[in-house]
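A.B. asks: Listed here are the chains, written in short residue letters.
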Amino acid sequence: MRYLIVSLVIIFLGYFGLLNFAVSGFQLIFNPLQIGLKETAVQIKDGFRFFLNVKNVYDEYLSVLAENASLKSELVSLRFLSDENKLLRGQLKLNEELLRNKDGVAATSFVLAKVLGNPQDITGSSVILNKGTGDGIKKGGNVIIGNNLVGLITDVSERRSVVSLITSPKISMTVYDISVENKTEGLVVGRYGTSTEMTRILPSEYIQKGDLIVTSGKDGIFEPGFVVGEVKEVNDLASEPLKSASLKTLVDFSKLTKVFVVLN
Amino acid sequence: MIKYIVISISIFLLSLLQVSFLSELFGAKYNPNLVLAFTLSLILLGSLEFGLYSGFIGGLMLDLMSVSLFGFSALLNVSFVLCIFYIRKTFFKGNVSFSILAFSANFLYLALVNLPRSANLYFYIFPSVSTLLFLWVFYAIVKNAYRGFLKNEYNQLNFKNRL
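Sequence order for the protein chains is A and B. Residue 8 is where the first sequence starts when you use the numbering used here, and the numbers rise one by one after that. Residue 2 is where the second sequence starts when you use the numbering used here, and the numbers rise one by one after that.
In short, the hints are calculated from the structure, not lab data. All C-beta atoms in this analysis are idealised placements derived from N, C-alpha and C, irrespective of residue type, glycine included. Mixed in with the good hints, there may be bad ones.
To be verified - The calculated DSS-like cross-link candidates involving lysine-lysine, where the alpha carbons are at most 27 Å apart (straight line), are:
(1) A:Lys52 to B:Lys30
(2) A:Lys146 to A:Lys225
(3) A:Lys239 to A:Lys225
(4) B:Lys144 to B:Lys94
(5) B:Lys30 to A:Lys265
(6) A:Lys255 to B:Lys30
(7) A:Lys190 to A:Lys225
(8) A:Lys62 to A:Lys52
(9) A:Lys121 to B:Lys30
(10) A:Lys62 to A:Lys262
(11) A:Lys255 to A:Lys62
(12) A:Lys121 to A:Lys146
(13) A:Lys79 to A:Lys93
(14) B:Lys30 to A:Lys262
(15) A:Lys262 to A:Lys177
(16) A:Lys177 to B:Lys30
(17) A:Lys255 to A:Lys216
(18) A:Lys145 to A:Lys262
(19) A:Lys216 to A:Lys239
(20) A:Lys239 to B:Lys30
(21) A:Lys121 to A:Lys52
What the hints assert, rightly or not - Restraint-style ranges between C-beta atoms, simulated for each label pair:
(22) A:Gly43 to B:Pro117: 24 to 34 Å
(23) A:Gly147 to B:Phe92: 47 to 57 Å
(24) B:Leu116 to A:Gly147: 18 to 28 Å
(25) A:Ala73 to B:Val97: 53 to 63 Å
(26) B:Ile142 to A:Arg207: 52 to 62 Å
(27) B:Cys84 to A:Leu40: 31 to 41 Å
(28) A:Arg207 to B:Asn121: 21 to 31 Å
(29) A:Phe117 to B:Leu14: 30 to 40 Å
(30) B:Asn121 to A:Asp243: 22 to 32 Å
(31) B:Ala141 to A:Leu69: 41 to 51 Å
(32) A:Lys79 to B:Ser9: 54 to 64 Å
(33) B:Asn121 to A:Phe117: 26 to 36 Å
Pulled out of the complex, with its shape left as it was, chain B reads as follows (with noise of 0.2 Å):
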């Protein structure tokens, strides 16, 4: 329960960030989506349980924070971290495909948010590379701080062990 609680406060403060400041420093054309970020990192943990949790309350997060349909970046999260997931598993191992993948879906992610605005593709490349970066700091951060508290699952579901 309390890894919840935890992953639930820590998806909430990136969200606030992610919406409110680095929104605002960086302009929309460069800002990360921490959120999603994050969420992968923990699936690159090998933690599908909490990858599917963090994507969804970060989701609704992100959805209550900003005027979109309640509940459409949360479903946006979740089938990301279900396909990401299962294919990392079946198909590409590496960190470079995983890289390509996760570029892939907050380039996706982007398009469908903005769908109704039909912009320009262009512009959600220097989002994505920005969230892409992100992933790997997230990474390295919750690999070392997270390793203990995510002793049980990092264990039982990395894929080292697992494959």
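Just chain A, same shape as in the assembly (with noise of 0.2 Å):
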């Protein structure tokens, strides 16, 4: 008995963070530890797939060995590209300088978080990132790879955030068609998994499979121009009165280990 009326004066001084320093301080020890058992599993992990993967791995290294010839001779027209860049660049007197703000802080500023996974979300529509409060990480942040989206801090502690994902059913954005001359728009929502949904299209709209869908910033929560998916199938139907379309992450959430959040 007094095992419970102790979990239950635990959870009572929990939920008004009056037990946060010590929680705080334990995640700071074992942070590394964790980390590092989660690596030495994606390792494992890696060394079965490839094994079992022998054969598909000798044919994508000859598709990479030919995509590698036609990239040698497309990074000589870059360069050529690039030069001109600068050039351009010097004329229209563009620098960095136009990308701070006036107290010469960096307009967008990025924190390195690493990935612990979330063994509790069953979903798998969430994970946990081993930044917090500590290190300027606040709800609401942006969280990306690259230029993809990954998802969004919903959860954050001192040492801890929460990131739900993209593929979670609870969080939604407004996206428009990067591929098509018109821009067209569209609401995402999760699917679990690797995929999300395009809905809120209207007929009239173009949208094919293949086409790049970016975030637009008009929901006022995710910046705009963020990669949300590509489309892989376009679902038109009749009873349907507007046309919605199924999308895939270019990120694997389940291989993730690295990501930024970004702060302002």
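With the hints as a guide, dock the two chains, each given alone in a separate frame, to form the complex.
C.D. replies: Pasting the structure below:
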């Protein structure tokens, strides 16, 4: 019975944040251990995958060699473009100062965080990061990797934060199709796993398989220009007044190890 | 005292393994609840006190290593231990009924922890089955390795002796 009472007391104290110092201390000490174990598990899993897919790896190796040859030729033309770009930037006097505000602070800054997974979330729609309010992270911060949107900070403590992935049904965002000229707009909602769905597309709007979908920023939650996914399938049913499209994320969220959190 | 320290160390290592290693290796959909499996294996051996202690400490460890309401898993574990112990003592004494109780406890634990996410109940079946498998593995280990260690409690609280 005493264990029950002690548990209730701990929940009560924890709810009002009176045990935060102890929780933060514990997490500070054991974060590296958790990250180390997680990375070991990833390496073991990748090792197994490699041996189970040796044939596929060989085929991929051959295709990568062919791709490499074509990329080398593209690189030459990109170098020409790079030189031209530098020249144009000089003429337009565009430099990094424009990207800073009046106090000289970068307009957008990021914090690198390691992904700890979330073993308690059976749906796989959220992950825990090893950084929290102590590192400047706030609730509502956008989480990205490269230019791909990963999710949104939904819960934060001093040393940890919880990211709801864009595949979570609780997350929705306004987006547009960057691949077409008229910028078809819609609303993306999560569908668990690695898929999301773009809904509320007007029947007159054009969208096709393979199009890239990016955030528009009109929702005021997500910054504009982050890649949400690629159109996998367009659902244009006569019985539905609006079209929808299934999207596939370009990032495999199960393999995430490091992400960036947008701070401001 | 040494017994409590050994159980604390075991439960710490198991919770670390559960949260950081196995969850990554198997994925959340198959991840066994090692803490609950170990705790219930102690109950299966008849030690209520060690079962409660293990469930309490293990729950706190799980809450510390992930982000959830601190103390919630501890409360759930302790409640399950008490319920299962008294149900087993009063009504069902067989191993099959104990397995069903253990499966139900883990199922309920996952359902309560994932309540805000309103996940499909189907998701909870596989982790509960893997927890059950680990429960019997731990039972075999604990019965042999800890038998001398828990000798007094084992003799005093074993159901065969008691009933």
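A.B. asks: Determine for every hint whether it applies to the structure shown.
C.D. replies: Structure-based check of all given hints:
| no. | hint | verdict |
| --- | --- | --- |
| 1 | A:Lys52 to B:Lys30 | holds, 16 Å |
| 2 | A:Lys146 to A:Lys225 | holds, 19 Å |
| 3 | A:Lys239 to A:Lys225 | holds, 24 Å |
| 4 | B:Lys144 to B:Lys94 | holds, 18 Å |
| 5 | B:Lys30 to A:Lys265 | holds, 22 Å |
| 6 | A:Lys255 to B:Lys30 | holds, 21 Å |
| 7 | A:Lys190 to A:Lys225 | holds, 14 Å |
| 8 | A:Lys62 to A:Lys52 | holds, 17 Å |
| 9 | A:Lys121 to B:Lys30 | holds, 22 Å |
| 10 | A:Lys62 to A:Lys262 | holds, 22 Å |
| 11 | A:Lys255 to A:Lys62 | holds, 25 Å |
| 12 | A:Lys121 to A:Lys146 | holds, 17 Å |
| 13 | A:Lys79 to A:Lys93 | holds, 21 Å |
| 14 | B:Lys30 to A:Lys262 | holds, 15 Å |
| 15 | A:Lys262 to A:Lys177 | holds, 21 Å |
| 16 | A:Lys177 to B:Lys30 | holds, 19 Å |
| 17 | A:Lys255 to A:Lys216 | holds, 11 Å |
| 18 | A:Lys145 to A:Lys262 | holds, 24 Å |
| 19 | A:Lys216 to A:Lys239 | holds, 5 Å |
| 20 | A:Lys239 to B:Lys30 | holds, 25 Å |
| 21 | A:Lys121 to A:Lys52 | holds, 18 Å |
| 22 | A:Gly43 to B:Pro117: 24 to 34 Å | holds, 29 Å |
| 23 | A:Gly147 to B:Phe92: 47 to 57 Å | holds, 50 Å |
| 24 | B:Leu116 to A:Gly147: 18 to 28 Å | holds, 23 Å |
| 25 | A:Ala73 to B:Val97: 53 to 63 Å | holds, 59 Å |
| 26 | B:Ile142 to A:Arg207: 52 to 62 Å | holds, 56 Å |
| 27 | B:Cys84 to A:Leu40: 31 to 41 Å | holds, 33 Å |
| 28 | A:Arg207 to B:Asn121: 21 to 31 Å | holds, 25 Å |
| 29 | A:Phe117 to B:Leu14: 30 to 40 Å | holds, 35 Å |
| 30 | B:Asn121 to A:Asp243: 22 to 32 Å | holds, 28 Å |
| 31 | B:Ala141 to A:Leu69: 41 to 51 Å | holds, 49 Å |
| 32 | A:Lys79 to B:Ser9: 54 to 64 Å | holds, 59 Å |
| 33 | B:Asn121 to A:Phe117: 26 to 36 Å | holds, 35 Å |
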